[in-house]
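What follows is each chain in one-letter form.
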Amino acid sequence: MSDHRFDREAEVAKLARLLGVAEDELAFALDVPTAELAAYRDALTARLFDGSGGALKRAADASRLMPTKVLAAVAQFALGPLICARLAGIIDPERAAGIAEALKDDYLADVAVEMDPRRATAVIALIPGERIVSINRILCERREWVPMGRFVAALGDEQLRRCVDALTDEELLRIGYVMDGVERLDDIYAMLSDDRIRHAVTWSREAGVADRTAHLQRHLGPEQTARVERITAELDG
Amino acid sequence: MTDRPPMPTPPPSLSPDDAERLDALARAAVRRQIEAAQQGMEETLNHVPRLLRGPVRKVLGV
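Chains as they are written, first to last, in my numbering: chain A, 1 to 237; chain B, 1 to 62.
Calculated directly from the structure, the hints in this document are not laboratory data. Honestly, I wouldn't trust all of these hints.
Partial chain B-side listing against chain A, Cβ under 8 Å, derived [as the list claims (entries may be wrong)]:
#, residue
1, R4
2, P10
3, P12
4, S13
5, L25
6, A29
7, V30
8, A37
9, T44
10, N46
Calculated Cβ distances over 10 Å to all of chain A for the following chain B residues [as the list claims (entries may be wrong)]:
#, residue
11, P16
12, P49
13, R50
14, L51
15, R53
16, G54
Computed from a predicted structure; not experimentally measured. Every residue gets a Cβ at the ideal spot worked out from N, C-alpha and C, and that includes glycine.
Use the sequences and the hints to build the structure in full.
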């Protein structure tokens with residue numbers, strides 16, 4: 001695992017989000033190797049999400065007895081996004097997707113922020129692409145880059161393509177800086193036109209984050225790396 | 001909630017003081033989650049007809 005300053009900053013941002021604190025509060029962890037931070041975040045995520053907790057498991061079991069629309073109302077007005085996020089990984093995926101369908105976009109965005117997508121991939125796969133895009137738009141407006149970055153690895157190809165088409169180059173890069181599953185980066189770049197890559201490079205330079213973008217692009221495979229190098233050379237020529 | 005994984009040990013590279021700070025933040029996050037779960041369950045019960053609350057409470061174990 002790369003241990004560049006940018007990697008450690010991204011890990012600290014993700015850990016802060018998990019702990020529900022400002023990134024500044026974890027400044028003392030910026031010198032910790034990325035691998036140690038990532039291992040700690042994984043273990044803490046397991047502590048928070050795994051082991052359903054007796055009451056949550058029983059609630060998930062009891063939910064089988066209630067109609068989906070009633071469950072959606074209970075979810076929205078009583079349970080709150082944090083508990084809904086935990087339940088998403090416990091209850092039957094088709095039922096969870098049915099509840100999600102009945103929830104308002106803003107509320108579903110609140111739930112998405114609290115979710116660990118790795119524990120709810122079966123549910124996410126059942127959410128239509130246009131709904132994923134709507135939620136993404138809300139999260140972009142809220143500048144929730146870390147939660148969005150967690151979702152990249154959990155999205156199907158078509159869902160990912162819809163998001164790439166819908167988000168701006170700046171938004172994609174901001175998500176990329178903190179994304180989990182950098183192995184999807186190659187897929188994302190392959191979905192971008194030359195014009196969009198040109199624009200992303202230009203924006204990075206103007207925003208003073210060219211180093212961070214170059215670091216991100218180190219995760220690209222040979223084909224996309226060559227493409228980015230060609231486009232960058234054309235810009236400089 | 002005994003089936004949960006244990007609290008993780010803070011990264012070994014942290015100083016003892018910083019490890020303690022991180023551990024305190026993590027324990028606070030876990031505590032908030034448990035409190036939110038309990039509160040959510042109680043609020044859910046308010047949506048259940050009064051006569052059924054006892055049995056539902058028994059089922060949920062709250």
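- Hints that the structure is at odds with (numbers, increasing): none
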